[in-house]
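Student: Sequence:
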Amino acid sequence: MGGYCGYLATVGGLAAGADAAYIYEEPFDIRDLQSNVKHLTEKMKTSIQRGLVLRNENCSENYTTDFIYQLYSEEGKGVFDCRKNVLGHMQQGGAPSPFDRNFGTKIAAKAMQWISKKLKEFYREGHVFANSEDSACLLGMRRRALVFQPVIQLKDETDFVHRIPKEQWWLRLRPLMKILAKYKTSYDVSDSGQLEHIRVSSPW
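All letters in the sequence shown, in the order written, are residues 1 to 204 by the UniProt record's numbering.
Simulated from the structure, these hints should not be mistaken for lab results.
There may be inaccurate statements among the hints.
Stated by the list, open to error - Restraint ranges, calculated between C-beta atoms of paired labels, are given here:
| no. | residue 1 | residue 2 | range |
| --- | --- | --- | --- |
| 1 | Val11 | Leu154 | 20 to 26 Å |
| 2 | Glu133 | Thr105 | 24 to 30 Å |
| 3 | Val151 | Arg172 | 22 to 28 Å |
| 4 | Phe99 | Gly3 | 19 to 25 Å |
| 5 | Thr105 | Lys45 | 46 to 52 Å |
| 6 | Ile30 | Val128 | 55 to 61 Å |
| 7 | Met112 | Glu157 | 22 to 28 Å |
| 8 | Phe160 | Gln70 | 33 to 39 Å |
Backbone N, C-alpha and C fix where the C-beta goes; we use that ideal spot for every residue, glycine too.
Take these sequences, add in the hints, and give me the full structure.
Tutor: The structure is reproduced here in structure tokens:
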């Protein structure tokens, strides 16, 4: 799932302690796959006898789920076994968490207040004239606040071909995955959060 957006794979990987998460926003090649297999092979020599690799739905046209599964299976012979699971729509729905219930209540209340206010604002002689920019809005969370943003403003911030935002704040979390998975590398991250370069070292 996720289409061209690697958010699900990234935060899912962070939450589950994944060794790698392949996403569309960070192009990868066979050298990256080799490095990940090598890391997993070394990891299996320690007390941690498990690994997890995630692949975003449209991360690569050629490096498919089957290809990655077969590569890991072949390279891991005698060291580790692989199993493949395509979650698909299984990850949707289910019982809502307390956060989900609380968040749903808050945004529903905020939306109803906004609609009531706009109806009063745009009501004239028995008709509602909702033809201004702020009459078509998207409600979302920005920096812990619920914010209404006119759809027209989102036009400049959106990659409509891939259905993703042009700027994705969560990409700054990507180096954390490698650090938590204990890759033998160190990272320099710029003030903007972008990974500037990686130095090979052995901190562990």
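Student: Hints broken by the structure, by number, lowest first?
Tutor: none
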